[in-house]
Amino acid sequence: MATLESPPLGTPSAMRSAFGTVLSALILLLIGVLAFSIRLFSVIKYESVIHEFDPYFNYRVTQFLSKNGIYEFWNWFDDRTWYPLGRVIGGTVYPGLTLTAGTIWWALNAINIPLSVETVCVFTAPVFSAFASWATYLLTKEVKGSGAGLAAAALLAMVPSYISRSVAGSYDNEAVAIFALIFTFYLYIKTLNTGSLFYATLNAIAYFYMVCSWGGYTFIINLIPMHVLLCIVTGRYSPRLYIAYAPLVVLGTLLAALVPVVGFNAVLTSEHFASFLVFIIIHVVALVYYIKGILSPKMFKVAVTLVVSIGLVVCLIVVAVLVALVASSPTGGWSGRSLSLLDPTYASKYIPIIASVSEHQPPTWPSYFMDINVLAFLVPAGIIACFSPLSDASSFVVLYIVMSVYFSGVMVRLMLVLAPAACIMSGIALSQAFDVFTASIKYQLGRSANSKDDAEDNTSTNNAPKDDSSSGKTDKGEEVAKERPSKKGKKKEREPADKPSVKSKILKKRALVLPLEASIVALLLLIMLGAFYVIHCVWAAAEAYSAPSIVLTSQSRDGLHVFDDFRESYAWLSHNTDVDDKVASWWDYGYQTTAMANRTVIVDNNTWNNTHIATVGTAMSSPEKAAWEIFNSLDVKYVLVVFGGLIGYPSDDINKFLWMVRIGGGVFPHIKEADYLRDGNYRIDSEATPTMLNCLMYKLSYYRFVETDGKGYDRVRRTEIGKKNFKLTHFEEVFTSHHWMVRIYKLKPQKNRIRGRAKKLKLKTSSGLDSKPAKKNPWI
Amino acid sequence: MADHTNLSHRFFLSIALLSTVAVTEPDLTGELVSLRSSSESGVIRLNDESVSRFITSVSIPRPYSLIIFFNSINLNSEPLQEFRREFGFVSASFTSNNNNRSDVTDKLFFCEIDSTDSEAFHRFGIRSLPQICLKAMMEEDDVDGTAESVAEFVESRTHLTVGPIHRPPLLSKTQISVIATLIAISAPFLIKKVLKGETVLHNSRVWLYGAVFVYFFSVSGTMHNIIKSVPLFLTDREDSNKLVFFYEGSQYQLGAEGFSVGFLYNAVGLLLAYVTNALVRVRNVNEQRVVMMLVMVVSLLAVKRVVYLDNWKTGYQIQMYWPSSWQWH
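Sequences listed follow chains S and D, in order. Take full-length UniProt numbering: the last position of the first sequence gets the number 780, and nothing is skipped along the way. Take full-length UniProt numbering: the last position of the second sequence gets the number 329, and nothing is skipped along the way.
Bear in mind the hints are in silico, worked out from the structure with no lab data behind them. We treat Cβ as the ideally placed atom computed from N, Cα and C, and that holds for glycine. Any given hint might turn out to be false.
DSSO-like, lysine-lysine: derived pairs with alpha carbons at most 27 Å apart [to be verified]: (1) Lys228(D) with Lys656(S); (2) Lys301(S) with Lys193(D); (3) Lys193(D) with Lys292(S); (4) Lys228(D) with Lys242(D); (5) Lys748(S) with Lys723(S); (6) Lys193(D) with Lys298(S).
Which residues of chain D face chain S? A few of them, derived with a C-beta cut under 7 Å, are [stated by the list, open to error]: (7) Leu201; (8) Leu208; (9) Val214; (10) Gly221; (11) Ile227; (12) Ser250; (13) Asn266; (14) Val268; (15) Gln288; (16) Met292; (17) Thr314; (18) Ile318.
Let's have the full structure, built from the sequences with the hints guiding it.
In structure tokens, the structure reads:
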């Protein structure tokens with residue numbers, strides 16, 4: 001990879017440089033194609049369909065945006081979800097993704113390419129993956145030259161961790177956010193290297209885009225201040241650093257506050273405080289440097305004491321204010337997720353809802369091998385390469401990898417943030433290794449060809465071919481170091497500075513070679529390592545990360561089986577129920593129901609109201625009659641359950657049932673988890689507790705199940721069910737999908753006949769429906 | 001897996017409280033008092049003989065209560081020893097809080113039986129009845145391994161007050177004063193160094209080592225080990241002499257396993273960096289040759305080992321995507 005790159009400096013031939021540029025552009029184009037096409041497995045193996053849960057919500061928002069325009073979108077109050085509460089969508093979503101896809105759709109339509117909104121949404125993530133790899137090229141090029149840049153871009157194009165979040169159809173925030181993240185970092189480094197206000201402004205805009213796209217923007221607004229602080233502490237302060245940082249904080253914070261979901265959080269929550277603190281520090285330091293410039297050394301010593309003491313006082317005051325602010329806010333100013341990063345045991349102790357989510361778990365070592373694969377081996381070499389020599393830019397990427405690898409160790413989800421850093425580091429390592437090995441081979445081959453010549457001739461003749469392939473790490477380091485002076489002086493300074501460096505290179509080069517055959521073997525091994533990476537990535541993209549989870553397949557002896565039950569039942573809902581009917585299900589299926597069936601749901605995947613979720617959980621864990629009363633009080637007409645017992649689909653509602661009981665019991669204490677447990681286990685076989693066998697979830701899942709095979713054998717739990725023949729009194733089955741994966745029940749209407757107790761009951765419930773003040777909470 | 005270890009902990013964390021009052025047998029009480037004063041933090045170590053002397057051969061009701069901690073030094077379990085320390089705090093606090101009231105202190109004695117005294121263990125049926133035995137003696141939630149919960153349990157059963165628990169402070173007063181003087185002495189030097197720009201922070205090697213260490217720390221899954229408080233290794237369930245270092249299943253890992261793979265991850269990268277940065281400067285070609293060969297063999301083995309372990313642990317097998325006509329079997 002690195003060998004294909006052309007020399008930035010030192011060659012007299014302009015043709016060669018032009019050829020290198022064209023070749024680089026071609027390689028980048030191919031990398032883009034690779035990044036796009038490796039994510040199409042999901043479309044080829046399944047179909048062009050939106051995946052999973054959250055993407056359905058984003059898709060629905062995008063549909064709304066493209067239909068009603070941006071102003072309607074900002075003010076959108078969604079009454080189809082969280083019935084009867086509803087949800088303000090415009091102010092509670094990160095709009096970056098939907099605005100991006102909406103704009104792409106609008107632009108394509110404007111030039112008469114009539115793609116559907118769904119198609120645009122499906123392919124947004126792959127397109128942005130290509131952008132992300134180009135941004136990686138730019139970033140790494142700023143750090144270690146274009147050879148490393150190309151290598152890093154190629155690695156990022158297919159890193160499994162990123163693929164897992166950006167296959168075609170995975171229409172989620174991360175798809176565009178990773179591009180925004182890398183691009184923001186690139187612009188920061190670019191500003192740092194050039195000292196140009198133009199790039200600083202672009203940087204703030206890129207940061208704004210990141211804030212629009214993903215909550216992970218707090219990583220940027222903490223990492224960059226940290227780097228600035230690091231530079232100051234290690235004595236690397238420069239005006240370029242000031243230009244790179246100060247505009248970002250001012251403009252970036254102003255822009256971030258424009259995003260409704262962030263708003264005043266941009267100045268009020270402590271995730272942002274670090275940036276303000278460093279903002280003050282950098283001003284103090286800038287002042288010190290300024291005074292140092294205008295005073296004589298003696299006067300400066302006097303001034304230093306003055307300024308430092310004033311600065312200290314200011315800092316102390318600010319720290320005191322910050323501490324007071326942090327202490328006075330309810331969660332100590334830190335949102336739960338950020339806290340769990342700093343104190344890894346925090347979440348497991350205090351916030352079960354965070355600890356319970358699988359992607360918030362700490363990863364084990366195989367996770368790293370799965371998600372960044374051989375990059376895990378190369379990163380240490382990249383870190384060391386960044387230290388020889390250490391520049392502002394390379395110290396930033398080192399800080400980036402250190403921070404991201406630490407955070408990924410706390411939460412497996414943040415592996416996604418680690419992936420670009422690992423690619424950059426590995427790109428640098430690979431490029432350096434290729435440089436050294438190919439340079440050695442060329443040198444040794446050249447030497448054997450000219451073995452009769454003088455030693456002095458040798459070095460000079462061999463220097464030229466070596467230059468274009470390697471130019472070595474020292475060379476690039478010098479180049480980066482040279483780029484630091486501001487833009488004006490840069491070009492002029494470059495020319496004269498090159499000559500001595502070339503000379504010193506000639507002297508150094510003789511020593512910096514390795515034996516020929518060892519280099520060849522090492523090169524082959526590295527290529528093998530790269531090949532293994534490619535195979536792993538293709539495998540991960542094709543097998544592990546492409547399942548849309550809305551359509552399931554299974555490979556068996558008699559061929560491929562496709563389970564399309566979800567869409568079948570959502571379609572049934574949309575065709576056979578009234579448009580204003582309310583459908584109750586566990587929250588996992590909320591987004592899909594609103595997006596695909598266009599029916600109102602009680603709870604959905606945006607789990608903002610725990611009580612409401614607990615109500616549904618309580619209904620599912622209650623006996624039929626009590627459940628009917630709860631659902632009826634919520635105007636529910638249909639209840640949807642997902643059942644995998646017939647075909648062995650493990651993530652069905654019975655397996656999620658313990659969470660329904662726990663969350664329900666957390667709010668409504670009459671639901672006790674112990675009632676559902678036999679010897680500490682959830683069981684549905686003949687050993688199950690009576691409460692379990694009589695709860696709504698059991699009944700709706702296993703109603704008529706015995707008719708399928710005569711025994712009622714559940715393939716997920718691998719047992720025969722406990723209660724086989726029973727009738728439903730308050731619900732009636734209206735739809736069961738082909739493989740019984742989705743079952744829909746309708747609430748039976750209240751009986752007309754009025755008899756003793758029934759009359760009382762009816763009066764109670766109907767009064768609950770008609771007169772609101774007298775409404776009695778029926779499930780307490 | 002986690003359940004299994006928990007269970008074995010519960011097994012040994014049993015605390016029995018044998019409480020009884022009436023009939024005075026002063027010699028036994030006096031003996032216990034003297035034993036207590038001679039033992040560390042007032043926890044009396046009981047053996048098979050003293051168990052029969054103080055417990056089984058005494059006519060019921062006994063004039064005193066004994067709270068017994070069933071310990072096992074051999075198990076070498078950190079949580080258990082933690083609990084044992086807490087237990088010691090309760091005992092020490094109990095005696096010091098009721099210092100002048102022999103009517104209280106002579107009623108309750110803190111004891112300990114180690115699993116080496118297997119007869120005593122048998123007598124209490126600890127071995128044969130792990131969990132049920134515990135539940136019969138107390139509610140599981142009552143004692144969570146802290147001194148406060150033990151004290152509460154004791155108070156609720158014997159109606160004797162333990163009083164506030166005295167824990168030793170994290171740093172003793174002398175330690176604090178030594179640290180304070182050290183800081184005071186070194187402060188001027190530190191400030192001078194900071195102003196000159198010669199601190200360790202200015203040494204890029206420190207940063208380099210730090211960065212590589214954090215990387216090693218994270219990729220070996222140490223955070224996972226800390227959060228889930230994973231042991232370094234397990235003993236085999238069937239053969240107690242055999243140690244299990246690697247756990248099958250990708251959701252869980254053992255401490256030693258994480259560190260060894262983290263080491264392999266790092267070894268390859270560091271060796272590569274060594275070759276490209278340091279070895280190129282070596283003048284002797286033969287030395288370069290030998291070292292490179294060595295490095296390549298080690299790296300190859302490390303990568304192969306990790307791939308093998310990963311396949312074993314996760315159960316995935318990566319498809320090689322050879323053309324279908326190449327398949328020979």
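Q: Would you pick out the hints that fail for this structure and give their numbers low to high?
A: none
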